[in-house]
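When you get a sec, could you build the whole thing from the sequences and use the hints?
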Amino acid sequence: MNNTAERSISIMIAGSGGTGAMTAGAILLDAAARGGWYGLMERSYGPQIRGGEALAIVRLSNQPVATRADTDQILVAIDWRNIERFLPEFRLTPDSLIIGDSKMGEIPQEFQSLGARECQLPLTALAKEISGGRPNMIALGVITQLIGLPDDITVAAVEKALASKDADARKASIDAVRSGMTAAAELPQLHRLPKVPPQALERWSLTGNEAAAYGAVLGGIRFAAGYPITPATEVLEWLATALPELGGVLVQAEDELASVGQIIGASFGGAPAMTATSGPGLALMTECIGLAVASEVPIVVLDVMRGGPSTGIPTKSEQTDLNMAIYGLHGDAPHLVLAPMSVSDCIFTMQWSVHLAEALQTPAIVLSDQSLGQTRTIIDAVPDVAIAAKRKVPQVLSDGYLRYEDTESGVSPMSIPGMPGGQYTADGLEHNEKGHPSTTASDHVAQLSKRLRKITDFDYGTHWAEIDGHGETAIITWGSVYGTVREAVEKLGDWQDKLRLIGIRLLAPHRPKELAAALQGVKRILVVEQSQSGQFHDYLRAKYDLPGETRSLSKPGPLPISSHTLNEQITGWN
Amino acid sequence: MAANVEELTPRCYKSDIKPVWCPGCGDFSVLASITKALSALSLKREEVSVISGIGCSSRIPAYLSVYGFHSVHGRALTVATGLKVARPDLTVLVASGDGDGFSIGGNHFLHACRRNLDLTYIVMDNQVYGMTKGQASPTTDPDWEEGKLTPGGTGVNPFQPLVIALASGATFIARCSSGDQDGTADTIAEAIRHPGFAFVQVLSPCVTFRPEQRGWNDLVHAAPVEPTDDPARAARRLLTDDSFFTGILYHNQHRLPPPSTRRQESHASGLKEAFRVL
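Protein sequence lines, in the order shown, are assigned to chains A and B.
Note that the working numbering has the first sequence beginning at 4, numbered continuously upward.
Note that the working numbering has the second sequence beginning at 6, numbered continuously upward.
Read the hints as simulated data drawn from the structure, not as lab findings.
Warning: the hint list may mix true and false statements.
The calculated DSS-like cross-link candidates involving lysine-lysine, where the alpha carbons are at most 25 Å apart (straight line), are [to be verified]:
no.: 1; chain 1: A; residue 1: K131; chain 2: A; residue 2: K168
no.: 2; chain 1: A; residue 1: K453; chain 2: A; residue 2: K198
no.: 3; chain 1: A; residue 1: K558; chain 2: A; residue 2: K546
no.: 4; chain 1: A; residue 1: K131; chain 2: A; residue 2: K174
no.: 5; chain 1: A; residue 1: K163; chain 2: B; residue 2: K277
no.: 6; chain 1: A; residue 1: K494; chain 2: A; residue 2: K558
no.: 7; chain 1: B; residue 1: K277; chain 2: A; residue 2: K393
no.: 8; chain 1: A; residue 1: K163; chain 2: A; residue 2: K174
no.: 9; chain 1: B; residue 1: K49; chain 2: B; residue 2: K23
no.: 10; chain 1: A; residue 1: K106; chain 2: A; residue 2: K131
no.: 11; chain 1: B; residue 1: K138; chain 2: B; residue 2: K153
no.: 12; chain 1: A; residue 1: K526; chain 2: A; residue 2: K546
no.: 13; chain 1: A; residue 1: K437; chain 2: B; residue 2: K49
no.: 14; chain 1: A; residue 1: K395; chain 2: B; residue 2: K49
no.: 15; chain 1: B; residue 1: K19; chain 2: B; residue 2: K41
no.: 16; chain 1: B; residue 1: K19; chain 2: A; residue 2: K437
no.: 17; chain 1: A; residue 1: K546; chain 2: A; residue 2: K453
no.: 18; chain 1: B; residue 1: K23; chain 2: A; residue 2: K437
The structure is reproduced here in structure tokens:
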């Protein structure tokens with residue numbers, strides 16, 4: 004079989020708090036990346052801040068991967084404490100291999116019933132033979148030996164990961180890894196890494212949150228304000244150290260009401276500005292996002308979505324802030340809503356969002372999610388794209404300067420404090436072209452029309468969506484689910500004649516002409532998303548004329564949609 | 006050169022928009038005090054920004070000829086914070102009222118004091134919500150029975166903004182009366198000169214919903230002491246005064262934030278080095 008799913012290995016490392024399951028997973032991913040493989044690692048935790056059960060999910064492949072595998076090949080449990088909490092995460096089959104530590108007791112009944120091969124190894128006992136040795140490093144050695152990752156690459160990755168530790172600690176870890184390699188030599192080598200072709204491009208290792216922050220500064224962001232919230236905090240942390248390098252700054256705000264107010268103030272002052280948050284924070288920000296619409300101040304708000312409603316499931320992914328992002332503002336408040344479809348696309352979509360917000364003087368809400376944001380992924384280096392913030396400012400300022408001039412495009416030159424003669428009052432009150440408060444019908448209609456026109460009439464080019472294939476059955480999706488759908492259809496072999504895959508990047512304003520053209524000749528449409536209520540399906544039905552029969556495949560989080568479920572839908576329909 | 010420099014009179018800082026305020030409103034006088042202070046400091050109009058929230062007093066930016074932002078209810082300090090951090094070269098004033106600043110925006114007041122940025126925060130306090138026509142505010146006395154949502158009085162202790170400002174870290178705290186237009190102008194000018202967070206409460210009567218406040222002119226009196234830079238003395242002073250002392254009550258030059266330092270801008274794409282495998 005020549006497809007991604009069959010040429011990847013999914014490895015899970017489980018352990019209770021402090022056992023180092025995540026450290027072992029991170030080193031495994033880094034070692035594989037050094038060896039030329041692609042891959043990704045998801046972190047699944049219990050609810051505890053520290054000391055809870057942890058599950059590292061590492062998928063390695065010879066091709067880029069965007070999503071978790073449908074089946075897991077190897078599970079190594081450093082111990083079995085509270086592992087039943089992760090039971091729905093495992094997709095073990097009779098071909099899978101489960102490795103436990105004999106000292107930690109029998110492999111639990113729930114796992115035995117999966118029919119996978121089982122084997123006990125003395126992880127703790129082997130670690131005890133080495134002064135300072137730890138079972139997680141034994142487990143790492145076992146895994147690298149089983150899958151055929153070269154020893155020297157693994158050792159180099161351990162050296163790098165423990166660079167800040169003293170020489171004794173590093174030696175103990177390396178000895179433990181080697182001991183694990185030896186112990187695994189007797190085990191059945193069921194699942195080997197596929198061969199990798201010579202590497203053409205350099206590889207990057209990053210999360211979607213890091214990618215989004217990087218895309219933002221490439222786009223020109225120089226001011227950020229934010230309030231800590233899972234799973235978006237890493238975006239702010241990255242910006243806090245990166246922005247000062249670029250002459251910018253991040254302010255930790257007292258709450259999300261302040262974050263969004265601060266970025267509006269900074270942008271009014273001429274600095275391209277953003278915040279990052281998750282659903283509860285976006286809910287608090289909606290009033291001020293409306294202010295940015297009315298006063299025409301560009302801002303970018305990144306929402307790394309998590310399970311909702313309310314506090315919901317902060318550490319798990321869901322695509323359920325779509326309704327709020329599109330419809331959440333009071334009044335007629337046209338604005339931009341965009342969504343990246345992969346970790347590397349987090350760079351482009353953020354960069355493009357900054358550009359659009361600045362060019363159109365309006366807020367852009369960008370919907371990433373926990374699975375993109377927090378999954379570390381190995382990707383090909385992403386080339387620089389020359390798209391950056393470009394705000395229209397007045398060239399000449401005279402007494403007659405009209406901040407909200409009713410121009411043909413709807414975009415009016417925006418003066419910046421410091422420019423003599425450009426003084427105006429930005430206002431959330433409806434206003435006339437000069438910016439003076441107004442309650443007249445004609446001013447309201449003119450300004451509403453201008454604010455709508457500037458974003459609907461803009462030429463977004465081809466970036467509004469990713470379109471592939473030309474079959475009569477279309478699959479329309481968005482956000483992180485695009486990666487799952489893409490992998491599922493690629494499993495079907497030559498799919499381009501039968502299927503059409505459309506991932507929508509620009510969700511608002513909607514693009515009726517462009518989608519109609521993309522759907523020419525389509526007879527069936529499957530809409531795929533991760534929400535219980537089918538928010539994306541409702542949005543498509545409300546905003547677009549969809550040809551033929553439409554079906555909705557919408558499932559809530561926290562578990563990802565499997566490509567198996569998807570392909571049952573697709574192949575069972577024709 | 007000097008002959009060509011336009012003299013910036015108070016009038017130069019006014020726009021041609023007619024205020025929405027009721028005749029006799031104290032805010033007319035505060036507007037005049039602000040223009041006098043800006044004129045006294047000869048600040049260029051384009052280098053001044055006045056940020057406000059929502060309410061009668063928050064209408065002020067449109068009546069000035071400087072850059073302004075009339076934002077949303079309670080958030081003036083957040084917008085001003087972002088502007089000042091991004092543009093430390095600008096003079097940033099924040100105009101607010103007792104409802105906007107102490108109720109819906111109360112949390113931002115605490116944190117703006119803590120940050121101690123170089124902002125001048127002018128709160129026109131009339132102990133009532135005027136724009137929504139007569140509800141009790143955080144500074145209303147508990148036995149004021151005319152509040153339309155609190156018939157019989159609020160029964161709640163009034164908010165003490167100057168004490169809160171001191172406890173939260175503001176480094177310049179003053180009280181003025183709109184009845185003393187020149188004195189208020191002088192205090193606002195001092196507040197603008199102060200390089201940290203300067204909080205100025207201006208007692209500004211609402212003649213429509215609190216007509217008895219016309220009598221404030223007879224109650225206010227200059228504080229009988231010099232400004233102190235000792236927080237303990239200031240605390241005693243603020244906790245024991247009769248709420249009608251005016252003047253600069255606390256002025257601390259020793260607790261100022263370090264000047265912001267900006268590094269030379271490098272190219273953003275250099276940050277990708279951190280992503281490289283190996």
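Evaluation of the provided hints:
Annotation: proposed proximity of K131(A) to K168(A) holds, straight-line Cα distance about 20 Å (limit 25 Å). For the proposed pair K453(A) and K198(A), the alpha carbon gap of about 57 Å is over 25 Å, so the pair is violated. Using a Cα cut-off of 25 Å, the hinted pair K558(A) and K546(A) holds, with the two alpha carbons roughly 22 Å apart. Only pairs whose Cα atoms come within 25 Å are accepted, and K131(A) paired with K174(A) is accepted, the gap being roughly 14 Å.
Distance check on the hinted pair: K163(A) and K277(B) sit about 19 Å apart at the alpha-carbon level, within 25 Å; holds. The hinted pair formed by K494(A) and K558(A) meets the criterion: a straight-line CA distance of about 21 Å does not exceed 25 Å. With a C-alpha separation of about 22 Å, the suggested pairing of K277(B) with K393(A) holds against the 25 Å cut-off. A distance of roughly 12 Å separates the Cα atoms of K163(A) and K174(A); the hinted pair therefore holds under the 25 Å criterion.
The hinted pair formed by K49(B) and K23(B) meets the criterion: a straight-line CA distance of about 23 Å does not exceed 25 Å. A C-alpha spacing of about 12 Å is found between K106(A) and K131(A), which places the hinted pair at or below 25 Å, so the restraint holds. Using a Cα cut-off of 25 Å, the hinted pair K138(B) and K153(B) holds, with the two alpha carbons roughly 9 Å apart. A C-alpha spacing of about 19 Å is found between K526(A) and K546(A), which places the hinted pair at or below 25 Å, so the restraint holds.
With a C-alpha separation of about 21 Å, the suggested pair K437(A) and K49(B) falls inside the 25 Å cut-off, and the hint holds. For the hint linking K395(A) to K49(B), the alpha-carbon distance of about 24 Å falls within 25 Å, and the restraint holds. The suggested pairing of K19(B) with K41(B) holds, with an alpha-carbon distance near 10 Å, which does not exceed 25 Å. Proposed proximity of K19(B) and K437(A) is supported: the alpha carbons are some 15 Å apart, at most 25 Å.
For a cut-off of 25 Å, the pair hint linking K546(A) to K453(A) stands: about 21 Å separates their Cα positions. Simply put, K23(B) and K437(A) have alpha-carbon atoms about 15 Å apart, close enough for the 25 Å limit, and the pair holds.
When the structure is compared with the earlier hints, a violation turns up for hint 2 alone.
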